[in-house]
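Novice: Spelled out, the chains give:
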Amino acid sequence: MNSLSYVSIMKEWDIVAARQMGRELSKQIGFGTVDQARITTAISELARNIYLYAGEGQICFEAIKTLDQKGILIIAKDNGPGIKDLSQVMEDGYSTSGGLGAGLPGVRRLMDEFDIETEVGKGTKISTKKWVR
Amino acid sequence: MDTKDLDARTYADLLSRYIETQDERALYGAEKISKSFIRKNILPEEIVNLHIQALLDIYPESRDQILPSMNFLLEAMISYGLAHQEYQMLREKQLEIKSEIQVAARMQKMLMQTEIPEIKGLDIGVISVPANQMNGDYHHFVKDKDGSISIAIADVIGKGVPAALAMSMIKYAMDSFPASRMSTSTILASLNRVVEQNVDPGMFITMFYAQYEPKTGKLHYSSAGHEPGFFFSKKKNRFIDIDAKGLVLGVNQNTTYSQSELLLEKEDMVILLTDGVTECQKDGKFIEREDIVEVIKKYMHLTSQEIVNRVYRHFERLQNFDLRDDFTLVIFKKVV
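If you read the sequences in order, they're chains A and B.
If you're matching positions, the first sequence starts at 212 in our numbering and goes up one per residue.
If you're matching positions, the second sequence starts at 351 in our numbering and goes up one per residue.
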């Protein structure tokens, strides 16, 4: 597998493809079982957001390295409606999670680093990293 | 070795002991370690992982049978872990809000403080208890230079923080009135304009405003849709409603109010209240106004403060010590 690869999200089954690619890459990078499952769940959340709210978009994966760390970078991007009220979407207990703890706050918990750029009417780009412990 | 590793070792030991003996002691150990996991915020997927590692140590030859099913379980636990973390966060937030409201309630209490004035010949008692932390009822006393006393009692429709905020505004509006005495109807008309302009259209305030002149024994009063009080005439030995017509504050900018008067004689008594008193419930039904009169009669030989305290205690008990609405009761007796 390349260090940079992506899955296009257009239909619900593409979420499974994105999960699969993310899981395999995180296994190769050296994540343990628990972290593999967490990364995969984060990918699911990101891909489902694209499928539900933007209609289509991409999930990109990259193996990353610093001097003393290895990790994974996941970028979810779409040209959808964008997010109007970011602080509300990032708030715990916000309606989309419905008490499931999921949504973007869930992604932030599952991963180590999280960043989001969004513009109403243009789209959203979420970048998130996790490092091997 | 950190405590996490220690728990992992303990878990593995307990598990292998239990598999061997199926002994209740090992299960008791599991209960204890599960509490320790919760205290340390160990998530369910990590516990499943611990379990997998322990099983692989005990049954190394069954790796291929164990792993797929256990990994499946681990995956199924991830969302539980997330929901648990969200729940923890919301719990912390709730505690924060609770302590903020506590501070606000203390501030409100200080803001709304009103001292019962010493008026010769008048015995005044008052009790005001909020249903939640913050009070949406309001009462205040002002002693005028000419020796008369103004008494206001008000109730915001609604309770809690929004009601309390509206009440703070009413207090400041009243404080800003000129020192020279205005008629009770003028005061209500001015407050009505303040409320109409500054308060959310869905929020209404009722108020009863009275002025008592000790020299003449006259009580002037006006009401803005407030729960009628009671007047007890010693001579007639009878309670009658103090009813005054008037629209609640904040509905229409141009509302005017009428003013009425009563003559108080020795041992006559005036009772002002909010609907937190009349809307007390007994066996799921609202009490009748006569019920309140009955309770007051029982204690009316006491001082005004004693009467309001006893009446409150009576209704608090009737509601199983759980008030549904803010409760305010003011009583004054002409003693000479």
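Just so you know, the hints here were simulated from the structure itself, not pulled from any lab data.
As the structure is a computational prediction, the values presented were derived from the model and not from experiment.
A hint or two may mislead.
DSS-like, lysine-lysine: derived pairs with alpha carbons at most 25 angstroms apart [as the list claims (entries may be wrong)]: (1) Lys295/A - Lys443/B; (2) Lys336/A - Lys276/A; (3) Lys281/A - Lys648/B; (4) Lys495/B - Lys584/B; (5) Lys354/B - Lys238/A; (6) Lys354/B - Lys382/B; (7) Lys565/B - Lys585/B; (8) Lys568/B - Lys493/B.
Computed Cβ-Cβ distance ranges for the label pairs, DEER-style [said to hold, decoys possible]: (9) Ser412/B - Val343/A: 24 to 34 angstroms; (10) Arg389/B - Val343/A: 45 to 55 angstroms; (11) Asp279/A - Lys354/B: 45 to 55 angstroms; (12) Asn290/A - Asp672/B: 25 to 35 angstroms; (13) Lys390/B - Val343/A: 20 to 30 angstroms.
Just so you know, even glycine gets a beta-carbon here, dropped at the ideal spot from N, CA and C.
Novice: Take a quick look at whether Lys354/B and Lys382/B sit within 25 angstroms of each other, Cα to Cα.
Specialist: Given that 25 angstroms is the threshold and the Cα spacing comes to 14 angstroms, the pair holds.
Novice: Range hint 24 to 34 angstroms: satisfied by the CB atoms of Ser412/B and Val343/A?
Specialist: 28 angstroms, holds
Novice: Are the Cα positions of Lys495/B and Lys584/B separated by 25 angstroms at most?
Specialist: Distance ~29 angstroms between Lys495/B and Lys584/B Cα, so the pair is violated.
Novice: Are Lys336/A and Lys276/A close enough, with their CA atoms no more than 25 angstroms apart?
Specialist: 22 angstroms, holds
Novice: Does the Cβ-Cβ separation between Asn290/A and Asp672/B fall within 25 to 35 angstroms?
Specialist: 55 angstroms, violated
Novice: Given the hint that Lys565/B pairs with Lys585/B, test it: the Cα-Cα distance must not exceed 25 angstroms.
Specialist: Measuring from Cα to Cα gives roughly 20 angstroms; hence the hint holds.
Novice: Hey, Lys281/A versus Lys648/B, does the alpha-carbon distance stay inside 25 angstroms?
Specialist: 81 angstroms, violated
Novice: Is it true that Asp279/A and Lys354/B lie within 45 to 55 angstroms of each other by Cβ?
Specialist: With a Cβ separation near 22 angstroms, Asp279/A and Lys354/B fall outside 45 to 55 angstroms, so the hint is violated.
Novice: Please check whether Arg389/B and Val343/A have a Cβ separation lying inside 45 to 55 angstroms.
Specialist: Violated, since Arg389/B and Val343/A (Cβ atoms, about 27 angstroms apart) do not stay within the stated range.
Novice: Going straight from one Cα to the other, do Lys354/B and Lys238/A come out at no more than 25 angstroms?
Specialist: Satisfied, since the Cα-Cα distance of roughly 24 angstroms is no more than 25 angstroms.
Novice: Run the distance test for Lys568/B versus Lys493/B: straight-line Cα separation, threshold 25 angstroms.
Specialist: 15 angstroms, holds
Novice: Lys295/A and Lys443/B were given as a pair; does the straight-line alpha-carbon distance stay at or below 25 angstroms?
Specialist: 24 angstroms, holds
The earlier numbered hints that this structure contradicts are 3, 4, 10, 11, 12.
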